[in-house]
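Student: Now for the letters of each chain:
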Amino acid sequence: MIGGLFIYNHKGEVLISRVYRDDIGRNAVDAFRVNVIHARQQVRSPVTNIARTSFFHVKRANIWVAAVTKQNVNASMVFEFLLKVTDCMQSYFGKVSEENIKNNFVLIYELLDEILDFGYPQNTDTGVLKTFITQQGIRTQTKEEQAQITSQVTGQIGWRREGIKYRRNELFLDVLEYVNLLMSPQGQVLSAHVAGKVVMKSYLSGMPECKFGINDKIIMEAKGKPTADESAARTGKTAIVIDDCQFHQCVKLSKFETEHSISFIPPDGEFELMRYRTTKDISLPFRVIPLVREVGRTKMEVKVVVKSNFKPSLLAQKIEIRIPTPLNTSGVQLLCMKGKAKYKASENAIVWKIKRMGGMKESQLSAEIELLQTDTKKKWTRPPISMNFEVPFAPSGFKVRYLKVFEPKLNYSDHDVIKWVRYIGRSGLYETRC
Amino acid sequence: MTDSKYFTTTKKGEIFELKSELNSEKKEKKREAVKKVIASMTVGKDVSALFPDVVNCMQTDNLELKKLVYLYLMNYAKSQPDMAIMAVNTFVKDCEDPNPLIRALAVRTMGCIRVDKITEYLCEPLRKCLKDEDPYVRKTAAVCVAKLHDINASLVEDQGFLDQLKELLSDSNPMVVANAVAALSEINEASSSGVPLVEMNTQTINKLLTALNECTEWGQVFILDSISNYSPKDEREAQSICERITPRLAHANAAVVLSAVKVLMKLMEMMAPDADFVVNLSKKLAPPLVTLLSSEPEVQYVALRNINLIVQKRPDILKNEMKVFFVKYNDPIYVKLEKLDIMIRLANQSNIAQVLSELKEYATEVDVDFVRKAVRAIGRCAIKVEPSAERCVSTLLDLIQTKVNYVVQEAIVVIKDIFRKYPNRYESIISTLCENLDTLDEPEARGSMIWIIGEYAERIDNADELLESFLEGFQDESTQVQLQLLTAIVKLFLKRPADTQELVQQVLTLATQDSDNPDLRDRGFIYWRLLSTDPAAAREVVLADKPLISEETDLLEPSLLDELVCHIASLASVYHKPPSAFVEGRGLGSSRRALPTRSGSQDILESSPSHGERSGVIPTQESLIGDLLTMDLGGPPVASSVPAAPFASSGLDLLSGGLDGLLSDSPSVPPQQAAATAAPSVGLLGDIFGLAPSASASYIAPKQMWLPAARGKGLEITGTFSRRNGQIQMEMTMTNRAMQPMIQFAVQLNKNSFGLVPAAPLHVVSPLAPNQSYEAVLLLNPTGPVQRMEPLTNLQVAIKNNIDVFYFAVVMPMNVFFAEDGQMDKRVFLSTWKDIPAANEVQYTINNVNLSADAVSSKMQQNNVFTIAKRNVEGQDMLYQSLKLVNGIWILSELKMQPGNPTLILAVKTRAPDVSTGVNTAFDAILHS
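Chains as they are written, first to last, in numbering that gives the first Met the number 0: chain A, 0 to 433; chain B, 0 to 928.
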């Protein structure tokens, strides 16, 4: 298991060091600094083995978080745990920076003591941790409160406490999708997938049992309804094929496996209910058509056309197209029909921003790039053109069919709960090669 | 004011100041002081001098302060054991505290203080805490048992903590169960005897599976990892475990997913590979694995390293997911390199076009390592997917045209491999390669180029000039290039002896007189002597046909792969090394994991010790010779075989060709004898080729009616022959259909082709009552007088009883004569195959066999037919097998099979062609059993 956990600043100075096991000595701290942080080349792996000691690290901004072990530990667990540690710090004191870490080192030690015991990760749910690890120091707790804390830390429903009350029972569902695309210069889709998540904000009293329904093909077919095609023909809605989905720990996985129903008792407040991935029938909101022409050795012409491909009634926002330019660019002349375009020398790219764009529209940018003569024979490698945007629909076709709330002990019913659903499609890695 | 100020105190006399602050009356000041101490401790200053003062602050009702003091204690108690005793009282008291958080804190901290005297005091509180009413305390105490075991293992065993821990496995709280499992696993692993102290059984596994649904994500990981060490008793149990674990694949935590994958991969080994259950499960595994690729890069990296193993073990799972492994521009380099590796493994004829266009794209990227690997990957595609070879070569030529130095060098190295794989097909490009001669500065690329020039010297007009140009700086070249140059020039000389004599003299002088390198010198001398004594032999040695190289060169060795599959998700799977390679110390004897085998296999015991020798590099006799004589291409070790030269190392062809030539006049060693001397290396070779015996019982033909009751005056005999434990047995069911009992049974065999005689008298229950059946087994020895029978395996039997003597003849299946020591050494196989005249070769077709080459191979092996080599030619699998009859006749065979085509072609070669038909019949029967 994890033998020790160290946090360093960018210079390699130790900010936090907590050793859990006897086989990890103080020299481990230095070994990592010398061999990884101060290493001359770029880090080639997140796992490093130095003298039979293995170091796992993640880097957030300038901060290195490293776990050390001498055993054959579960590597995926160590990384998941390190990521949880950074999440946890973030939710306690915001950005993970040197200053924040120094300011909160007592708290961090206290957290590390709680969430890692002899190198074994314990409950890392920040919601629960915040109930008993506070910066306020002593808070006299009654015996009941103490018992409640411990039962919650270890409990079957470790993510929710009893006795929550709201005057207005309300819940919000955000379906947030990231469309990823890699397209060849000829417009052929090399790979495309949607990584989606459903984020829920629940303000519900008691211990409500929720049932969540989506238009996943398997789920809909399992419900004994007519086949997806038939019902689609009738209702005008289609079922989508979800390649894979993952759920928050509150969802009863065994029930999902056997009955294909998503049921859970939600944590209070915001959480990520599910993550999913689709690869079929994705409606790509935008298409980028690049045209790059190298005119001699000192000049290049670039023409980029952007087409929007969704219902004309909808509006896309925050559109940004990033067209990389060679390193030896000396000047750029730009001409665009819509939005603003700028050459950013520091980023070696032309950044073209469009605030809003309706569906089924098209816009174009042309640029003349002047190049300096260079003697390097090496060709410029033409990184892909990338794009950012936000659209008010789910590109995968994902639909929430229902979310029912049952709380038999309290006197509110499903109808009394106010529910909001919102769909947002964003760009993930949305790239077109040129 | 914030806490960061504590980091900035660097004054002199600081310790003294802290001391007074720690002893201050004001609580607030005390707390500040402890914080400063901890901050100093963090940055590595020695504050152990403050020990008594800090311990004095321990008695407080402030939980935050208490935690800080405990933290200090954990760090320094070891260096100040005497003073640490002062803290014991407080600990013991805290363990009784009404607040469960404090009880847990105390027991947690106490376990971390590695001082013997404190450990003594720990036992009583720990015992209480393991039974605490609060689950939070119990789960902390469970881990504490593991801590105590780490400090003093015998104490834990003596005090009965193990039993208490076992009881916690049935705890009502899932988190307590999870921690107890984690502690138990660790204790088992560390067990010095190598025997797990606590065995899992069906009941505990059931409890764990129940807790699995309810505990935290980490708890699920502990439980899954622990289940992965359990071997279910049968296939049904394995299936039910799989069913209960499958839902975990949808968990958001990658560790849970990978641990579940580990258990599933392991248990799938216990089931028939084509069972519906396995097929379905395989389908379910793909999506979660793909999803792991959208997690954080570090997790992706771990996932990719594991996918690399999974793709090798079960290629079907991800065969349609090529696209998700395409490299993204912004992926970190470690993710890119791993993806590339997997892309090549998944490449096949249907997706090769896509893969190639991607690889070409990658070859223009920035990162040098990545570009090199991409170029190498193109070469590997050419070797792996034959129809694409042409495209790959032209892609490589395009890349060479870019003139980017390292791309050119890498391309030349892989083109050499392509030449090796497809000789005489792409030589037209040599001229393009030669243009880049000057730019090559890496030994591997230079060596490759020199090899190409030497190999094709007859087609390159100025080969002598080119090689001569290399010779100028001979002393400065690396050994690899020197050896290569030596061989290339000798090749050139043998091909064009007229005008290159001077050159060869020069290089031989350089190698034998001016070099300090023994390898180089030895090779020089060998060549020199060969050339001066027998140029014809030299020709045969140096210019012999090379074995083709195969695509499987970069696969992990199968037994290592199997072991790593048992370690999916762990560090071992990230390093692709067994844990013993990077973990030191305790309990390693026990930690070696093996995949479970399918039920019915008998010799787990037999095969497991050899497991131990197999991991890592195998120094076979072959590889040593390879070093000495190889062409030093530095290319991947070649594990392929051709009918002409089925050897494991590229250098061997030289030797074998030479041996053939050198030994042709001398009396050749009888093959049996040679096989016997070479036996140890055969075992290793078998292992390399994945032929470790996984045998179940050998084939036994169904019983046939030998003597009907009508002819036997009421005695009915049905029977068959089998081979068990190296002995031929005649198995008979004797039934008395008559009205009176039978007694005085005896048997006699007529002289026969194999000299079979009964090893013991026939024993039949006496009397054999009417309507009674008796299973008689008669052991036979091939030691009697021999007389040729027609057909060869005909056996005439006489059975006598009190009624009469009965005669009947049976034709024995040939396979019972296949001896256990029928594995022939590769080289002997080769020479024997060559020696037997072609007229002795007989071909047969065997219909309706729906088995893969490996399945055939293992099936045959169970019947003492040993696969010597396997190779793939134009989509056809060829198996070369040997077997030996009990009378010492060797039989060599070649099985040709086409995937998807149920018809096999069998060619049998032996010095005694009479047995061929019988062998064919036996093969047929075995394959259809």
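There may be inaccurate statements among the hints.
As the list claims (entries may be wrong) - Mimicking BS3-like on lysine-lysine, the simulated pairs with C-alpha atoms at most 25 Å apart in a straight line are:
| hint | chain 1 | residue 1 | chain 2 | residue 2 |
| --- | --- | --- | --- | --- |
| 1 | B | K206 | A | K254 |
| 2 | A | K196 | B | K327 |
| 3 | B | K77 | B | K25 |
| 4 | A | K360 | A | K306 |
Treat the hints as calculated values from the structure; they're not laboratory data.
Student: Hint by hint, note whether the structure agrees.
Tutor: Hint check results:
no. : hint              : verdict
1   : K206(B) / K254(A) : holds (18 Å)
2   : K196(A) / K327(B) : holds (21 Å)
3   : K77(B) / K25(B)   : violated (29 Å)
4   : K360(A) / K306(A) : holds (6 Å)
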